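*Asks:* Protein chains in written order, with this note's numbering: chain A, 249 to 591; chain B, 1498 to 1597; chain C, 937 to 1247.
These are computed hints drawn from the structure, not numbers from a lab. Incorrect hints may have been included.
[As the list claims (entries may be wrong)] In silico DSBU-like pairs for lysine-lysine, Cα to Cα no more than 30 angstroms straight-line:
1. B:Lys1570 with A:Lys306
2. A:Lys579 with C:Lys1159
3. A:Lys286 with B:Lys1595
4. A:Lys306 with A:Lys454
5. A:Lys286 with B:Lys1570
6. B:Lys1580 with B:Lys1595
7. A:Lys483 with A:Lys579
8. A:Lys483 with A:Lys306
9. C:Lys1124 with A:Lys337
10. C:Lys1124 with C:Lys994
11. C:Lys1127 with A:Lys430
12. A:Lys378 with A:Lys546
13. C:Lys1221 with A:Lys337
14. A:Lys337 with C:Lys1127
15. A:Lys483 with A:Lys430
16. A:Lys430 with C:Lys1124
17. A:Lys380 with A:Lys546
18. C:Lys1221 with C:Lys1124
19. B:Lys1590 with B:Lys1580
20. A:Lys529 with A:Lys306
21. A:Lys454 with A:Lys380
22. A:Lys483 with A:Lys380
23. C:Lys1159 with A:Lys337
24. B:Lys1570 with B:Lys1580
25. A:Lys430 with A:Lys520
26. A:Lys430 with A:Lys380
27. C:Lys994 with C:Lys1159
28. A:Lys520 with A:Lys530
29. A:Lys520 with A:Lys378
[Unchecked claim] Cβ-Cβ distance ranges computed for the label pairs, FRET-style:
30. C:Gly976 with B:Ser1564: 50 to 60 angstroms
31. A:Lys546 with C:His1227: 36 to 46 angstroms
32. C:His1156 with A:Arg548: 40 to 50 angstroms
33. A:Ser292 with B:Ser1576: 56 to 66 angstroms
34. C:Gly976 with A:Lys546: 16 to 26 angstroms
35. B:Ser1572 with A:Lys306: 24 to 34 angstroms
36. A:Ala591 with C:Arg1196: 27 to 37 angstroms
37. C:Asn1086 with A:Arg548: 58 to 68 angstroms
38. A:Lys511 with B:Gly1571: 56 to 66 angstroms
39. B:Leu1597 with A:Arg437: 32 to 42 angstroms
40. B:Ser1564 with A:Lys306: 18 to 28 angstroms
What you are looking at is a predicted structure, and each value in this text was computed from that prediction instead of being measured. Ideal Cβ placement from N, Cα and C applies to all residues, glycine included.
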Amino acid sequence: MASQTLQSVPAEPSPVRHEQSPEDAARLDAEGQAYFDKVMAEDSRIEPRDWMPPAYRKTLLRQISQHAHSEIIGMQPEANWISRAPSLKRKAILMAKVQDEAGHGLYLYSAAETLGQPRDQMMQDLMDGKAKYSSIFNYPARTWADMGAIGWMVDGAAIANQVPLCRASFGPYGRAMVRVCKEESFHQRQGFEILLELSHGTPEQKQMAQDAVNRWYAPALMMFGPPDDDSPNSKQSMAWNIKRFSNDELRNRFVGMMMEQVKVLELTLPDKDIRFNEETKKWEHGPLDWDEFHEVLKGRGPCNAQRLERRREAHQNGAWVREAAAAYADKQRRKQAEKVSAA
Amino acid sequence: MTTEPQAGNVWPIWEVFVRSSRGLSHVHAGSLHAPDAAMALRNARDLYTRRNEGVSIWVVPAEAIASSDPDAKGSFFESPQGKDYRHATYYTKSEGVKHL
Amino acid sequence: MSTTPETAAETGGHGDISVGVQGASGSGEATASATRITPGNALRPEDIALAVSRGTAKPSEDVAEFALRLGDDALVLAQRLGHWISRAPELEEDIALGNIALDQLGHARSFLSYAGGALGEDGTARSEDDLAYFRSEPEFRSVEIFELPNGDFAVTIARQFVVSYYQFELYSRLTQSTDATLAGIAAKAVKEVDYHRDHSAQWVLRLAQGTDESREKMIHGFKVIWPYVDELFRDDELTARLSEAGAAVEPSSLRANFDRLTGEVLAEAELEVPNVQPTPGGGRKGLHSEHLGYLLAEMQVLAREYPGASW
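Working from the sequences, and respecting the hints, build out all of it.
*Replies:* Below, the structure is given as structure tokens:
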């Protein structure tokens, strides 16, 4: 962690550096690669201005920006219930949670920006439908119990994914994840408690909770990504110390945790095939409908269009505000400069 | 320390430093976008101290920070290595003498 | 701006920017952490509800009615502001407005929890949720300015500007209330609305002096909001009695400071108080704007679908 840079966007190359000949460039690349390989071997961290293989940069940029987009789009299904939360305490919790998601999106966009991609460009890609985000947010939040199921299962799956990412080899990503994980510790618990309250409530409430668990179970499991044998990028990400565990490993571990927790809820998981494999000592789940996953990923889910439109609308409605603040700052700077030159 | 005017409606990046309690240094907490310093401070307060993380905040335009060249690791940071005499542990003969 | 490093020594190296973890091995010790989080120590709505249920805090009928007014104002505003989260002009502003909404919701819960201590025809205390979810529109005591739709960002900011300067004056004075609970709630709330004042004032300046378009929208925002300003400062029999008893103040007595302080910001923004006629209002008596019914319908729908349920 020496020479750590603070700068979010890589600065121009130092002016004292002379024109590089192709041989110099090749030598620097070779040195950079050697240093990068050493960092990977030592399980140390890469910082924004370090040399990195172009594919590493590209992979990170894709992953971190998708992660950020997921936080931002993920605000919507829950924001949908802020106005109708059935108690003031729940309203406060939900508001704080959705607000946290904006914050987490921000931390992640910041981490991605250290790789040289401006946030407004990432936002534009999202709005243009060029960027992906977690498919699960394209499902509708139909009832209040969905606030519970999203917290317990969706945030639960997210946390299972994110905890190992705190050790991602790219410094800014790992640091963002540390903050996110700390803050999210309440997200899963509040969801669990919503379900707990419902399952111990009236029969209708319990049914509402079970129905929500049934609907969110499979999409939550699919959040870990395609099965290992169908996940071509996983291996490389693991070699780069970005990913620490495979999709299936994380998914199976998560299923095991849910199996215990669902008992406390006195609800059931909609999967008759869940079993603990004595040989591998791992939990296994029933088949998932990966065709549906790919359909939603391609934009044919129940809420894809709605989610993107809502984001576009907010962004467009806010354009004049952002312009106003930028123009004001510009005017103030000019005034300041005039004052200085007059003095 | 001026931040260049932004084209259109894109706000510049600010680095945020938070002092978590009195007596401690400000520590880099992250970054954010803001049109100017006044708003950057407020945005930092809203974003980085929602859970009592701080008692003081600095914001600095990201582009105002100069940073050492990552390619100059050797010339910048290796010189102190081998200069053991800068450390108390180098002086072994006085080991065991009280209050030294 | 207080961003100057106090000591040169401290800036000797931006050495430790580890946000509490060295690499990822996660030492996370408090000394270097910018992520150390704590719940803090402040008067919470739950504390008030507990004091009410134990009988250690019991409002007079007048104080309860007054708390209901302030609680309803804050609740309706929180409901309005909550809508901005995920729709703000920039992500940073999603968070800022979220904080303000949460502050207002906190004030609402405290005031309502306290008000509930005196109400209830069967003699039992009513909870914040009883009051928020199971009163009908004429039983609400909010005034119209809080009920107005959000409009665009300028309208929302215009309202924030007016109500935060009003609430600041009100809560400042209530910290001296002879009613200890009201004083306690106000003491917590006044610091928060002080920040709301600053937030809205910053935006008034930027929108008024940003672009031609934003200036036009800011002027329009104030035109939309200003007819409802007077109602905030109207005295009535209740405030007269409470003021006499030292438990509260006459709203009219807050006006001079409000006019002076908002006037300073408006002058800096080169804006004028819009020349509009005040509305008669009536929310304190349960006569509400046409907007409140929709707001309540949405807010209360789920709770009313399952009366008696626990969430």
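*Asks:* Each hint: holds or not?
*Replies:* Verification of the supplied hints:
| no. | hint | result |
| --- | --- | --- |
| 1 | B:Lys1570 with A:Lys306 | 24 angstroms, holds |
| 2 | A:Lys579 with C:Lys1159 | 25 angstroms, holds |
| 3 | A:Lys286 with B:Lys1595 | 43 angstroms, violated |
| 4 | A:Lys306 with A:Lys454 | 46 angstroms, violated |
| 5 | A:Lys286 with B:Lys1570 | 14 angstroms, holds |
| 6 | B:Lys1580 with B:Lys1595 | 25 angstroms, holds |
| 7 | A:Lys483 with A:Lys579 | 52 angstroms, violated |
| 8 | A:Lys483 with A:Lys306 | 15 angstroms, holds |
| 9 | C:Lys1124 with A:Lys337 | 18 angstroms, holds |
| 10 | C:Lys1124 with C:Lys994 | 19 angstroms, holds |
| 11 | C:Lys1127 with A:Lys430 | 27 angstroms, holds |
| 12 | A:Lys378 with A:Lys546 | 11 angstroms, holds |
| 13 | C:Lys1221 with A:Lys337 | 27 angstroms, holds |
| 14 | A:Lys337 with C:Lys1127 | 22 angstroms, holds |
| 15 | A:Lys483 with A:Lys430 | 28 angstroms, holds |
| 16 | A:Lys430 with C:Lys1124 | 26 angstroms, holds |
| 17 | A:Lys380 with A:Lys546 | 9 angstroms, holds |
| 18 | C:Lys1221 with C:Lys1124 | 27 angstroms, holds |
| 19 | B:Lys1590 with B:Lys1580 | 18 angstroms, holds |
| 20 | A:Lys529 with A:Lys306 | 36 angstroms, violated |
| 21 | A:Lys454 with A:Lys380 | 34 angstroms, violated |
| 22 | A:Lys483 with A:Lys380 | 20 angstroms, holds |
| 23 | C:Lys1159 with A:Lys337 | 35 angstroms, violated |
| 24 | B:Lys1570 with B:Lys1580 | 17 angstroms, holds |
| 25 | A:Lys430 with A:Lys520 | 34 angstroms, violated |
| 26 | A:Lys430 with A:Lys380 | 25 angstroms, holds |
| 27 | C:Lys994 with C:Lys1159 | 41 angstroms, violated |
| 28 | A:Lys520 with A:Lys530 | 16 angstroms, holds |
| 29 | A:Lys520 with A:Lys378 | 37 angstroms, violated |
| 30 | C:Gly976 with B:Ser1564: 50 to 60 angstroms | 35 angstroms, violated |
| 31 | A:Lys546 with C:His1227: 36 to 46 angstroms | 41 angstroms, holds |
| 32 | C:His1156 with A:Arg548: 40 to 50 angstroms | 41 angstroms, holds |
| 33 | A:Ser292 with B:Ser1576: 56 to 66 angstroms | 21 angstroms, violated |
| 34 | C:Gly976 with A:Lys546: 16 to 26 angstroms | 46 angstroms, violated |
| 35 | B:Ser1572 with A:Lys306: 24 to 34 angstroms | 30 angstroms, holds |
| 36 | A:Ala591 with C:Arg1196: 27 to 37 angstroms | 31 angstroms, holds |
| 37 | C:Asn1086 with A:Arg548: 58 to 68 angstroms | 33 angstroms, violated |
| 38 | A:Lys511 with B:Gly1571: 56 to 66 angstroms | 58 angstroms, holds |
| 39 | B:Leu1597 with A:Arg437: 32 to 42 angstroms | 53 angstroms, violated |
| 40 | B:Ser1564 with A:Lys306: 18 to 28 angstroms | 23 angstroms, holds |
In summary, the numbered hints that this structure violates are 3, 4, 7, 20, 21, 23, 25, 27, 29, 30, 33, 34, 37, 39.
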